[in-house]
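Colleague: So the sequences go chain by chain: A, B, C and D. Going by the numbering used here, the first residue of the first sequence is number 1, and it counts up by one from there. Going by the numbering used here, the first residue of the second sequence is number 1, and it counts up by one from there. Going by the numbering used here, the first residue of the third sequence is number 1, and it counts up by one from there. Going by the numbering used here, the first residue of the fourth sequence is number 1, and it counts up by one from there.
Please keep in mind that the hints were generated in silico from the structure rather than gathered at the bench. It should be emphasised that the depicted structure is a prediction, and the values quoted were computed from it without experimental measurement. Backbone N, C-alpha and C fix where the C-beta goes; we use that ideal spot for every residue, glycine too. Just to be clear, a hint being listed does not mean it is correct.
Label pairs and their in silico Cβ distance ranges [claimed, not checked]:
#1 B:GLU25 - C:ASN93: 37 to 45 Å
#2 D:ASP51 - A:THR154: 21 to 29 Å
#3 B:GLU25 - A:ARG89: 44 to 52 Å
#4 B:ARG89 - D:MET49: 23 to 31 Å
Among the chain B residues that face chain C by a calculated CB cut under 7 Å, a handful are [what the hints assert, rightly or not]:
#5 TYR15
#6 ILE18
#7 PHE24
#8 MET106
#9 GLY133
There are 4 protein chains.
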Amino acid sequence: MIRLFVTGGTFDKTYDEIRGALAFEETHVPEMLRLGRSQVEVSVRTLMMVDSLDMTDADREVIARNCAQCVESRIVVTHGTDTMVETARAIANAVKDKTVVVTGAMIPYAFGSSDGLFNLGSALSFAQTLPPGVYVAMNGQAFEWDKVRKNHDTGSFEPLA
Amino acid sequence: MIRLFVTGGTFDKTYDEIRGALAFEETHVPEMLRLGRSQVEVSVRTLMMVDSLDMTDADREVIARNCAQCVESRIVVTHGTDTMVETARAIANAVKDKTVVVTGAMIPYAFGSSDGLFNLGSALSFAQTLPPGVYVAMNGQAFEWDKVRKNHDTGSFEPLA
Amino acid sequence: MIRLFVTGGTFDKTYDEIRGALAFEETHVPEMLRLGRSQVEVSVRTLMMVDSLDMTDADREVIARNCAQCVESRIVVTHGTDTMVETARAIANAVKDKTVVVTGAMIPYAFGSSDGLFNLGSALSFAQTLPPGVYVAMNGQAFEWDKVRKNHDTGSFEPLA
Amino acid sequence: MIRLFVTGGTFDKTYDEIRGALAFEETHVPEMLRLGRSQVEVSVRTLMMVDSLDMTDADREVIARNCAQCVESRIVVTHGTDTMVETARAIANAVKDKTVVVTGAMIPYAFGSSDGLFNLGSALSFAQTLPPGVYVAMNGQAFEWDKVRKNHDTGSFEPLA
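Please construct the entire structure, taking both the sequences and the accompanying hints into account.
Modeller: Laid out in structure tokens, this is it:
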């Protein structure tokens, strides 16, 4: 059984057609698991629905505590890409002996052209096979949390030199 | 570097609008890797484009030989689901000391509602992390090739009792 | 109020993932009207779900009689493209003083890349504005039924010389 | 031949994955016409790419003058929904003896779930069949420009009482 914590981010942004702006509503994760015909046992819980640029230290503490306290030892966290590494650090400080994979998307799933479905399949697979530790999994790659940074010019994640 | 061999299957079926029927044209794998913004180094080669029900022993030999002879030690094979296990067996007989992940889809990628993108992200991740062996990876799960069968009533893969 | 009769055709083909083949299930028309946020009052009725190559004279009689007998004077018929013109002729023989627009698609709506949504918006608009008569509306154009043919090489409809 | 003027609006909003925000890039109209397999002769010209809430009187003058001066007598204008009616009024003041259809979308085409493709098929059809005048065409309906308003609570267009 894998625990999946939803925190928002581009992954789950949707389009509010009354206001003509991006917004958060319900998470798309259950729909994505259906679309992927996932046979993995996953228990989904939404912790918050925020843009990761708006995430506070208190929010990170909530995420880390949930990872530490849940019974599952294999965890996926969906998260905005901008501060994914900061949250991974907070989790690493709080969680031992569990495999935690933080993932997200560059394009909202609600857009047809999202990388979210690819990343979700990838993150669930890394969560089943990687040894205990905290990882950032984006675009087919998994990095240990303290060996990666987001390149804000290209939008992609790259190993720390 | 991961080697990806394309063999056809539902994964790559498309709709021929002149004939009004399913058909094979070019593989969608490179487009899917772009959509997933994959950062994994992948070398794609199309070996054949066939429905797996039409695949012959000679076809399986071609696939197994390519897996054995390529320089890469981590390999993904896209394949029709109906005879995926038979091909995995042929590969297992020919290949030692490599991680080979056979994957596919229940719905063509060309249909909006495909599980193919999810499975491709999953298969590339399993190929990076699983120890040497031949695996069938479908819908978020990876099975050793000799411990799985396709349930033809439900369409899903399940462990051998 | 517009009456919309569903008869099948490529427009409504779907992918049967157990059999790995094209199939007909329920019509997608109500979902397409929701997606288009259609505000047109439309009453949908499925008459049959067949490939138009399999349509018989008896089937055409059913369609023509329904067009003649319904209370609405503005009608859209979804239909396979291969014998669209034959059915339009049967309707023209049976129906006077109504605007009947026969439409379809080259690609199933269930495929992300369908022309069906474009054609549905077009057909509903032609049905509101064209004078009584029987028309074939495909790909943005409306033709009087006796002045059009399908070019089976290109798949598109063109005026009779 | 139909002239199609692009002005931006939700219809053409896209997602800027570096900034994580909605943005305007190139228009999607040519791609949408290809997807709809449109056989209508359409000449597309982008006049501006703006949110209609940011549209100025000077912008409206540019649109109206282009409608008046082009050689085509049948015109479609893509536009944001919030001030669609104001622009239709400006066009009506400047253009006589032409059929001008202003259309848009509630959801960006770049989102899989857009009403834009449906509206584009509809607007091109109304432009071919309606008598001279300026119309707002949304969600399957066409309104004379001075007999419609946008309901900002529901997001839909409705006849003036």
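Colleague: All the hints need checking, so say for each whether the structure fits it.
Modeller: Results of checking the hints against the structure:
1. B:GLU25 - C:ASN93: 37 to 45 Å: The hinted range 37 to 45 Å holds for B:GLU25 and C:ASN93, with Cβ atoms some 41 Å apart.
2. D:ASP51 - A:THR154: 21 to 29 Å: holds (27 Å)
3. B:GLU25 - A:ARG89: 44 to 52 Å: holds (46 Å)
4. B:ARG89 - D:MET49: 23 to 31 Å: Violated: the Cβ-Cβ distance is about 56 Å, outside 23 to 31 Å.
5. TYR15: holds (6 Å)
6. ILE18: With a closest approach of 5 Å, the B:ILE18 hint holds.
7. PHE24: violated (13 Å)
8. MET106: At 4 Å from the nearest chain C Cβ, B:MET106 passes the 7 Å test, so the hint holds.
9. GLY133: With a minimum Cβ separation of about 28 Å from chain C (threshold 7 Å), the hint on B:GLY133 is violated.
Violated hints, in rising order: 4, 7, 9; the structure is consistent with all others.
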